[in-house]
Amino acid sequence: MADRPARVDDVHRIAASMPHVKRLEGPKGNPIYQVGGKSFVFFRTPQPDAADPDRGERYTDVIMLWVES
7 MADRPARVDD
17 VHRIAASMPH
27 VKRLEGPKGN
37 PIYQVGGKSF
47 VFFRTPQPDA
57 ADPDRGERYT
67 DVIMLWVES
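In case it helps, the working numbering puts the sequence shown at residues 7 to 75.
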């Protein structure tokens, strides 16, 4: 286990190491990782529901993880 916070490169490395994974590009160039045609990690484009509360600027670094519920 690393003695530092996770980095974006860590997310890419771990997602890419999963069996049968495919990396796709979203419509705006955002990375999407899929297995069997289903996304499990994707880097979201800026959305109004994820914004800096003080400045109102949309975050550009939101990573979505989909898991079975």
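Mixed in with the good hints there might be a few duds.
Ranges of calculated distance between the beta carbons of each label pair, as one might list FRET restraints [unchecked claim]:
id, residue 1, residue 2, range
1, Glu31, Gln53, 23 to 33 angstroms
2, Val73, Arg29, 16 to 26 angstroms
3, Pro25, Ala57, 16 to 26 angstroms
4, Val41, Glu63, 29 to 39 angstroms
5, Gly43, Arg10, 32 to 42 angstroms
6, Gly62, Pro25, 18 to 28 angstroms
7, Asp58, Lys34, 16 to 26 angstroms
8, Ala57, His26, 33 to 43 angstroms
Quick caveat, the hints were computed from the structure, so don't treat them as lab data.
Cβ coordinates follow ideal geometry from the N, Cα and C atoms, glycine included.
Violated hints - listed by number, lowest first: 1, 3 and 6
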